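*Asks:* Chains as they are written, first to last, in the working numbering: chain A, 6 to 143; chain B, 6 to 143; chain C, 6 to 143.
What the hints contain is simulated information worked out from the structure, not anything from laboratory work. Hints are supplied without guarantee of correctness; some may be wrong.
Pairs count within a copy or across copies, as identical chains cannot be separated in the list.
Claimed, not checked - Mimicking DSSO-like on lysine-lysine, the simulated pairs with C-alpha atoms at most 27 Å apart in a straight line are:
{"hint": "1", "residue 1": "K74", "residue 2": "K36"}
{"hint": "2", "residue 1": "K114", "residue 2": "K36"}
{"hint": "3", "residue 1": "K74", "residue 2": "K11"}
{"hint": "4", "residue 1": "K7", "residue 2": "K74"}
{"hint": "5", "residue 1": "K114", "residue 2": "K74"}
{"hint": "6", "residue 1": "K114", "residue 2": "K11"}
{"hint": "7", "residue 1": "K36", "residue 2": "K11"}
Everything numeric in this text was worked out from a predicted model, so none of it was measured.
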Amino acid sequence: MKSFRKELRFEVPNRRAFINITSEIEEYVRKSGIQEGFVLVNAMHITASVFINDDETGLHHDFDTWLEKLAPHEPVSQYRHNVGEDNADAHLKRQIMGREVVVAITGGKLDFGPWEQIFYGEFDGRRRKRVLVKIIGE
Amino acid sequence: MKSFRKELRFEVPNRRAFINITSEIEEYVRKSGIQEGFVLVNAMHITASVFINDDETGLHHDFDTWLEKLAPHEPVSQYRHNVGEDNADAHLKRQIMGREVVVAITGGKLDFGPWEQIFYGEFDGRRRKRVLVKIIGE
Amino acid sequence: MKSFRKELRFEVPNRRAFINITSEIEEYVRKSGIQEGFVLVNAMHITASVFINDDETGLHHDFDTWLEKLAPHEPVSQYRHNVGEDNADAHLKRQIMGREVVVAITGGKLDFGPWEQIFYGEFDGRRRKRVLVKIIGE
């Protein structure tokens, strides 16, 4: 069994953003030399997500509006976590969108359906964050 | 390390459905000959889910009603994604229910608790869709 | 490839609770002797979750309040699943919080960001429940 590890780094200038990281993950799969296995991609921070969905600007706007409806940022005082913090909503939003994805590697490539793309979802930006990419296989 | 890959195919006649795929996954685990490892089961489409929950008709009705409340289909014009499309809600519903499950294989079998069953969740049916089953282990 | 399997057991006295299980998982990773691989931690019951977030009491209160708003327990008659049962809401809450996490093992340790902690989320307690820990790697 072989393994490969890499970190992606982010410093998003806004509070929230969705960033397509598919090409980076494809590159790491190639570099790993692993032909058959799994790649785990996870946010290393608890106010961010890694998820798979469509690379479509309108949908990303819909996600943002929807998450804000399900777990509103304001008023920050509605959350007990917000004592010297204002990011409780980011912890909730991340639960809806998920921490991680596991993707199959087949023939040395991401084994994806036609529209699958991997995104980093930031819900509490304006600071340094990381995503872990870990590949195991042969 | 051994690996095994298979696709499940669906063409659901309605917009939404929950389909129990546990017996198919059990069969693939048996066919793979893998005794200890992980099986990844994921929707290959971004308006569908794979999840583990109870095989109970009343609960599936509750899931459907609940998802429709959290991410309503109508009015389709409320979503920016719905330009020449009407499936934005399906992209949101899939985030709640998840893209994938990873299940342990122990002694050549799915290592499950008493009521765990694997479901395909369709939120934008009436077209061909696929689920990927990838097994790694020994 | 090596593998390791262990179960955690719970009998939570209340309906709902969040329990930090990180140190148990760390111990099992150490015992497994696996240096590079993945650990899968999943609820074996369909009214419970395993998730990664912050170990902060205020946030756990916020999670509880938020889940109760998104999938209220009362009135129990609003759910078709609740025929001789009262736990339909627990099946829904578990979908938001997730069934499982997959965590990378690097250098014999959980490959975690600064605040990541693993929790068992109970939504229908007062009975015996289990969590599965399965590790594969080398």
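*Asks:* Next, verify each hint and record whether it holds.
*Replies:* Right, here's what the structure says about each hint:
1. For the identical chains of this complex, K74 and K36 are neighbours neither inside a copy (41 Å) nor across copies (44 Å), given an alpha-carbon limit of 27 Å.
2. In this assembly of identical chains, the alpha carbons of K114 and K36 lie at most 27 Å apart whether taken from the same copy (11 Å) or from different copies (23 Å).
3. In this assembly of identical chains, K74 and K11 lie within 27 Å of each other by CA distance neither inside one copy nor across copies; the values are 34 Å within and 39 Å between.
4. Within a single copy, K7 and K74 get their C-alpha atoms no closer than 43 Å, and across copies no closer than 45 Å, so neither meets the 27 Å cut-off.
5. In this assembly of identical chains, K114 and K74 lie within 27 Å of each other by CA distance neither inside one copy nor across copies; the values are 37 Å within and 38 Å between.
6. Taking the closest pair of Cα atoms, K114 and K11 come within 27 Å of each other both inside a single copy (17 Å) and across two copies (16 Å).
7. In the homo-oligomer, the alpha carbons of K36 and K11 lie at most 27 Å apart both inside one protomer (10 Å) and across protomers (25 Å), since each shortest distance falls under that limit.
Of the numbered hints given earlier, the model fails hints 1, 3, 4, 5; all others are met.
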